[in-house]
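Guided by the hints, dock chain B onto chain A, whose structure is given.
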Amino acid sequence: MVWAVFAVLTALAALSVLVPLARAGRSRGVAEDAATAPDAAIYADQLAELERDVARGAVSGREAEAARAEIGRRLIRASQRHEPAAPPRRWRLIVAAGLAIVGLPLLAVSLYGGFGAPTLPDLPLASRQSEPMDGQNLEALLARVESHLAQNPDDGQGWAVLAPVYLRAGRYSDAAAAFSNAIRTNGATADLEAGLGEALTGDAGGVVTADARAAFERARTLDPNAIRPRFFLALALGQDGRTADAEAAWRAIIDSASGKEPWLPVARTQLATLTGSTEPPPAAAPAAPAAGAPGPDAAEVEAASEMTPEERAAMIGNMVEGLSARLAREGGTVDDWLRLVRSYVVLGRTDEARTALAAAKAAHPDAADVQRLDTTAAGLGLTE
Amino acid sequence: MMITEIGHYALVLALGLAFIQSVLPVWGAKTGDGRLMAVAEPVALATLGLVALSFAALTVAYVRSDFSLVNVFENSHSAKPMIFKISGVWGNHEGSMLLWVLILVLFSALVAIFGGRLPQTLRATVLSVQGWVTAAFLLFILMTSNPFNRMIPAPFEGQDLNPILQDIGLAIHPPLLYVGYVGVSIAFSFAIAALIEGRIDAAWARWVRPWTLAAWIFLTLGIAMGSYWAYYELGWGGWWFWDPVENASFMPWLAATALLHSAIVMEKRDALKIWTVLLAILAFSLSLLGTFLVRSGVLTSVHAFATDPTRGVFILAILVIFVGGSLALYAWRAPMLKPGGIFAPVSREGALVLNNVFLSAACATVFVGTLYPLALESVTGEKISVGAPFFNLTFVPLMIPALIAIPFGPLLAWKRADLAGVAERLAAAALAALAATAVTLWLSGATGILAALAVGLAFWLIVGSLTEPVQRAARGGGGVGPFLRRFFGLPRAAFGTALGHLGMGLTVLGIAGASGYDHERITSVVPGERIEIAGYDLTFEGSTPRQGPNFREEVARFAVTRDGLAIAEMAPTKRFYPARQMPTTEAAILTRGFSQLYVSLGDPGADGRTVVRAQFKPMVTLIWLGCVMMALGGCLSLADRRLRVGAPRPARRAEAVA
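Chains as they are written, first to last, in my numbering: chain A, 1 to 384; chain B, 1 to 658.
Please note: incorrect hints may appear among the correct ones.
[As the list claims (entries may be wrong)] Calculated pairs, EDC-like style, for lysine to aspartate or glutamate (alpha carbon to alpha carbon, straight line, at most 16 Å):
id	chain 1	residue 1	chain 2	residue 2
1	B	K383	B	E569
2	B	K268	A	E63
3	A	K361	A	E321
4	B	K268	A	D45
5	A	K260	A	D335
6	A	K361	A	D374
7	A	K260	A	D374
8	B	K268	B	D563
9	B	K268	A	E49
[Said to hold, decoys possible] Chain B residues, not near chain A, derived (Cβ > 12 Å throughout):
id	residue
10	M2
11	V12
12	E157
13	F367
14	L376
15	G448
16	A571
[Said to hold, decoys possible] Computed footprint of chain A on chain B, listed as stretches where at least three residues anywhere in the stretch have a Cβ under 8 Å from a Cβ of chain A:
id	stretch
17	125-132
18	417-428
For the record, the hints were derived by calculation from the structure and aren't laboratory data.
The beta carbon of each residue, even a glycine, is placed where N, CA and C say it ideally should be.
Next comes chain A alone, as it looks inside the complex:
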């Protein structure tokens, strides 16, 4: 369809060259006596104008006389030059027509081919927003909520919904602003304050800044049992070099755990690091500690993302060895075992993955657990 429009445009453009060529050709292509005719016409106009001025009385007789003499002088000068019109030549016509018929479309199509996107329709915003959302377009959803909030900046519930989404998407400064807005309009809750602190920490590249710590402290005051503020405050103590306090904080966190919490390994790792234990961190798959499931803290993830691929592989390898050693020594939950299996698969060490799977089944002989281990292994493409 669009190529038809292009073709029409091109044809019209070419015609704007061809029509005058053809028409002037019919009038035998002789140039008007270019030099003098228009000049003479202008001087004749000037003389007529002068006579009208004289008739109106706007110009005195003597002034008119002088002006007439001046015009006459210029007219004589103008008529002294004369250029003979050249006889028209056929080959020029062919060159000109060729430019229009061949050159123009060729240039247009080749240039447009380089720059254009002829298959791409217009995408006006109005038509896109009325499209049904299938839930997979997070960005579109965000845009809707954002435009709603731009109109209603005091909708605290809206900010509270949007903020964690930003946090998970890694848009930390947006998340911090959204949490602040939610706190401003809906009042503080432990969850919102902790989210604000986490966003600020993320924004600072994993460092628990003074502002972030203030937010976590407010959260802890609001809900002393919430794990996230305690977790990050312990991290902050460690970052500040207050090792003894940090150790105490991590111990308190670990003691309060029932043993099944997903963040427990991270807490143990942190404590181990502080106490100088050689036990390496147990978790292989780093995840941002969102929604009460803290993994390695943002600084570690940050560090990992700055490594070269080799360094990163080495780091992950270390982590996996650590996990394997710990599970062999102390045992672990089904989830711990599965993480080890998954890590080996990801690293391409299939044989070790199979061994780990067998060890897991031995440690958890329960039928339901074996079933789960097998299903997951099959999902990872691991066959016995």
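Structure of chain B alone, referenced to chain A:
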């Protein structure tokens, strides 16, 4: 629908036509082949159609917030008010270049439509030269600044236009300025055509003057608009900063002013041809230079320019080819042009040459002041700032004699004139100037001698420019009735001259008042506190937040009283645009007569006090009203469709008759 892609293709096609327009007509003119020359007009019209289609497509994309265009994504926002969505089309680099080309091809089309009376070779050559400029800029747009570049997936929200540019001033200022810049290209094309043909027709002069005049009117209004916009939008209350961006538009104006006066002599007396051709080349070169300075990014930072030089180098190449090429052509061909009428040094022609010399010199100082810092920084890396002090010491002293000479010009006779007689006729103006200076000194308590002298100069200009039409109408006597009849019977061009010069006087008066006698107070207030300035009392009543379409603002309210009488309420605001995370200051302005009270807010103080900057600027509006008056004079002159022949006035001495 695929409006965007159709617009994109139309732009590419327009480039193809521009190439054809560049070659065929001038080839025809050189070989005397009428068929090739006849191609010029239809092709010019077709190019206009294609570029207009392209511009319309881009506008539609902006209006419908089609963020699949990189350009729309970078410069628009779905919540932006409709007027700024449309003005946003040219509020950015790519779109503004497209507007530039649209105006250029519009001018070419106008030559094609109204050029019937031009000799065919001249018309064909002029349109070819226009074609070269069009092709160069279309190539520039497509290669380095294509507004139709797409991105997939398309974002759902744009990055918004710089909030400072979200203003009605931006909707008007660039188009006015571009019409001015590009209008000068017509004078340029005529000059190049004259050099190529090696002669200047009577039709040439008849055409160049009105086109230059039209371009000059738009340049004048565009610069005035830009100055007023900076005055109220930037929140500093300054109306001219000698900023390179401003100078970039001021240099073409100075050159166009000189060109305009030259063109008058050309048309009336067939003299100053070489001057006119040179000034036409210079005026357009300075327009190109202005475009280069503003568009290459060289101003933001020489280094930024060095790191991403694609655009800058392209414009620089255009600049070098067109300026260098035309000046070389000038050096080669100008001596072949037949010089026109001869004249004595003291004559209208002589006065206009003097005017050209002063304006060119003034233009040169602005040129040096603008480019020297750039050159120094790129060579030695040293950063210097050439600001008002430099221009006050160079530009202003050059302009003062030129301004003093203005009233003499229209009173001098063509070819040879009687200076003493003219000076006699200006006695009233001289008296008015002296009286104005004395009164100003007395009123201000003898402070600011220079400002008082400037006021005197303003009155010299105002009364002096009215002298010519009044005395001309008074000649012949016969009481009030015949005087008025003769006065209004004067040709419109005479009023055009008078108004143009009068406008200059008003602008000078505004500058003198606003810079010599302004008051300023910067202070911080809490609600209930009062600021006193130049006899006005501003009481701060408090501030309230307000939600705009794409911004939030804090509105401060001030009640204004004078001698205990309430006059008005002023509400300066501070805005915040979340999309760009940028604050702006919106000043409140109260106009009293020609003077203005200007209140803007500073950053909030640490102790919750509101920082206020209050200024009283006497006569400040005259700066812009004077420009409007100048433009009005231009319009009157343009409306005077008479053919002009300036014969030497028969002198009182009979032997002087030629």
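Hints, one by one, checked against the model:
1. B/K383 with B/E569: With a Cα-Cα distance of about 44 Å, the restraint between B/K383 and B/E569 is violated, given a limit of 16 Å.
2. B/K268 with A/E63: The given pair, whose Cα atoms are some 14 Å apart, holds under the 16 Å limit.
3. A/K361 with A/E321: Violated, because 19 Å separates the two Cα atoms, which is more than 16 Å.
4. B/K268 with A/D45: holds, 14 Å
5. A/K260 with A/D335: holds, 9 Å
6. A/K361 with A/D374: holds, 9 Å
7. A/K260 with A/D374: Given that 16 Å is the threshold and the Cα spacing comes to 21 Å, the pair is violated.
8. B/K268 with B/D563: violated, 57 Å
9. B/K268 with A/E49: holds, 14 Å
10. M2: violated, 5 Å
11. V12: violated, 5 Å
12. E157: violated, 5 Å
13. F367: About 36 Å separates B/F367 from the closest Cβ of chain A, which puts it past 12 Å; holds.
14. L376: holds, 38 Å
15. G448: Given a closest Cβ separation of 46 Å, the condition holds.
16. A571: holds, 21 Å
17. 125-132: violated (count 0)
18. 417-428: violated (count 0)
The structure does not agree with the numbered hints 1, 3, 7, 8, 10, 11, 12, 17 and 18 stated previously, though it agrees with the rest.
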